[in-house]
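Please arrange chain B with the ligand on chain A, whose structure you already have, making use of the hints.
One line per chain: the protein sequences are A and B, in this order. Just so you know, UniProt numbering puts the end of the first sequence at 477, numbered straight through with nothing missing. Just so you know, UniProt numbering puts the end of the second sequence at 155, numbered straight through with nothing missing.
Think of the hints as simulated: they come from the structure by calculation, not from any bench. In this text, a Cβ means the ideal position worked out from N, Cα and C, and glycines have one as well. Be aware that one or more of the hints could be misleading.
[To be verified] Now the stretches of chain A that chain B is said to cover, found in silico as 3 or more residues with beta-carbon under 8 Å: (1) 118 to 131; (2) 157 to 163; (3) 171 to 185; (4) 245 to 257; (5) 260 to 271.
[Stated by the list, open to error] Derived CB-CB ranges, DEER-like: (6) 322(A) x 6(B): 54 to 64 Å; (7) 312(A) x 61(B): 23 to 33 Å; (8) 306(A) x 124(B): 46 to 56 Å; (9) 89(B) x 42(A): 25 to 35 Å; (10) 89(B) x 146(A): 57 to 67 Å.
Chain by chain, the residues run as shown.
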Amino acid sequence: MTLAVAKPTAADVPLPLWRKAVAAALDGGGRFAGAYATDDGDELRWRVLVAHGALVRSLACRSAARRVPSVVDLAPAAGWDEREAHDLHGLGFDGHEPLRPLVDHPADPSAWTVPMTGEGVHDVAVGPIHAGVIESGHFRFHLVGERILALDARLFHKHRGLERAAQGGDADHGLAHVGRACAACHVASSVAYAQAVELAQGRRPSDDLRVARTLLLELERLYNHLNDVSAVCAGVGFAPGAMAFAALKERAQRLNARLTGHRFLFGSVAVGGSTLALSGGAARTAGEAVRSIGDDAAKAWRSLMFARSVQARLDGVGVLTRDDAVRLGAVGPAARASGVREDVRTTSPRLAYGDLAAAVPEAPAGDVRARLQVRALELESTCAVLGELLASGEIAPGGVVTAARDAPNFGTGLVESPRGATLCAVELDGDRVARVHLRTGSYANWPAVAHAAAGNLLPDFPLINKSFELCYACADR
Amino acid sequence: MHVLLRQLNRVRRDARLPRGRPASLAVRHVDAGSCNGCEHELQAAASPFYDLQRFGIGIVASPRHADILLVTGPVTTRMREALLAAYAAMPEPRLVAALGDCAMGCNVLGDPAALAEPLEELLPVAVRIPGCPPTPDAIAEGLLGALDGGLPRVA
Ligand code: SF4
Chain A
1 MTLAVAKPTA ADVPLPLWRK AVAAALDGGG RFAGAYATDD GDELRWRVLV
51 AHGALVRSLA CRSAARRVPS VVDLAPAAGW DEREAHDLHG LGFDGHEPLR
101 PLVDHPADPS AWTVPMTGEG VHDVAVGPIH AGVIESGHFR FHLVGERILA
151 LDARLFHKHR GLERAAQGGD ADHGLAHVGR ACAACHVASS VAYAQAVELA
201 QGRRPSDDLR VARTLLLELE RLYNHLNDVS AVCAGVGFAP GAMAFAALKE
251 RAQRLNARLT GHRFLFGSVA VGGSTLALSG GAARTAGEAV RSIGDDAAKA
301 WRSLMFARSV QARLDGVGVL TRDDAVRLGA VGPAARASGV REDVRTTSPR
351 LAYGDLAAAV PEAPAGDVRA RLQVRALELE STCAVLGELL ASGEIAPGGV
401 VTAARDAPNF GTGLVESPRG ATLCAVELDG DRVARVHLRT GSYANWPAVA
451 HAAAGNLLPD FPLINKSFEL CYACADR
Chain B
1 MHVLLRQLNR VRRDARLPRG RPASLAVRHV DAGSCNGCEH ELQAAASPFY
51 DLQRFGIGIV ASPRHADILL VTGPVTTRMR EALLAAYAAM PEPRLVAALG
101 DCAMGCNVLG DPAALAEPLE ELLPVAVRIP GCPPTPDAIA EGLLGALDGG
151 LPRVA
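The following block holds chain A by itself, in its conformation from the complex (with noise of 0.2 Å):
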């Protein structure tokens, strides 16, 4: 078995080459995954990893003077990541014009808009509060009548400073906080940061703990896929389908209930271990919950198909196309959807997923009807995944063995959340986590969502923005 073994002690870049690293880096298919800034008082240090299918690369360079140069160009998708740097920590990217506040909220709306001039164009403010039982977050929408030319998304009212305080604690500490930033991807985000603790500690994960946190993924995957079909059907105003994958999500929820005692599968996962143990009587009577959850689904999706006031609102509303998505670094099913075929379950030696492959809908035309499909179909492989690993019999807590001689203290988990490619960071000093970095499916695909709304009427805003259903908690952390 291979591991993902970042290399944290090769030497920092020299900053005159950093540009160069980093496009070597990405160079023959690397995907940006993430960025992040540590602060030991004189100088930041500043982090880029880059993902080739399991493997995680970092590159490091340091800089006394706060200022490193901007890889904004060679990868729009560390955009935020280096804007949250400088809101966070202060550092400054050269290169990056005009840096606009991410994270910090200033009053004035030009220091974090994009300007926007002409005949008849006019700004919507809406949020922070919205109208229904929604996340905190607000959007500047400019537009001409009633089409959009541009969204600016203010997010991060929901920042709570996670990262900073699960630093200076225990390893348990810091699952705390990383499993409280959203509750919709606790499984995900929980399993992205074990694995990191464990690599970092030079163990991995037995392969029953594989088996038992893979469950977990899908439990999560199941609940969430059927509560995302029901926000495009809210979306688009249309109860009964709103209803139905409510009530489908309900039962998925009380599954996970019975089988982890929390509804969302709170604190089934732990660094080294997991909580789940079944019976191979309790996993088959699971398994069958799970099928019976699948069939309806199924019928459930079939009805949808046939009805003409929600299929008459998917079509071409929303698009994101496939390079657009690669730009922006889209990830997930928004990115399957767009047609780009990754899936970071297909290349997780640290679960045990087979192989499962990615979904991609036949048409993947990048819109909410796209979007909406690599749900359905990924319901399906989902119910077979987890038919398949319950079918096997007892389920076992399972954990760790050591893997490698010396702990290297730095270790990252990749793991495919129902919104897309979730990453963690842990640096460990002894006992201690030094310093850990989530960045979360929902956090790659944020700008994707402002990108495909552009052109749009704003009242399909609602509907686009469901279609991607993201987490704001999970992105502002």
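Below, chain B with the ligand alone, put in the same frame as chain A:
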């Protein structure tokens, strides 16, 4: 026989239905920095399995229409002003409810520099619904309690 018994049971159950709850309750939710778990469960409480609406509890779009402000999450510095503005926009009499452990100030995670005062110090919290997140059952119970307790009269 079986059918008769079932009908008898149904009649008994119907007889136990609560009659004449005092009022309806219009709820405005504000996410002040949650992990989104409390939102999911609040939505579930309004979904087919729980159907809070049948008790006269409805979620409304504007604080102007609301009797009760339902707050989730610890209050972040960046949500503080918006939360206070929503409360200020509500007509009196009005109630504030803390939904979930974070809003109640229990086991709050995060960097103190990113968090504002606890909700209890910012607004007069009258209803507390504990849990992480509270289950839809618990949310229904908490809100029904507020309904039965009545809204405070303006002096
Ligand atoms: S109480 Fe729990 S579920 Fe609710 S916002 Fe806080 S951490 Fe999330």
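Hint check results:
{"no.": "1", "hint": "118 to 131", "in the structure": "holds (count 3)"}
{"no.": "2", "hint": "157 to 163", "in the structure": "holds (count 6)"}
{"no.": "3", "hint": "171 to 185", "in the structure": "holds (count 7)"}
{"no.": "4", "hint": "245 to 257", "in the structure": "holds (count 5)"}
{"no.": "5", "hint": "260 to 271", "in the structure": "holds (count 3)"}
{"no.": "6", "hint": "322(A) x 6(B): 54 to 64 Å", "in the structure": "holds, 58 Å"}
{"no.": "7", "hint": "312(A) x 61(B): 23 to 33 Å", "in the structure": "holds, 25 Å"}
{"no.": "8", "hint": "306(A) x 124(B): 46 to 56 Å", "in the structure": "holds, 51 Å"}
{"no.": "9", "hint": "89(B) x 42(A): 25 to 35 Å", "in the structure": "violated, 48 Å"}
{"no.": "10", "hint": "89(B) x 146(A): 57 to 67 Å", "in the structure": "violated, 26 Å"}
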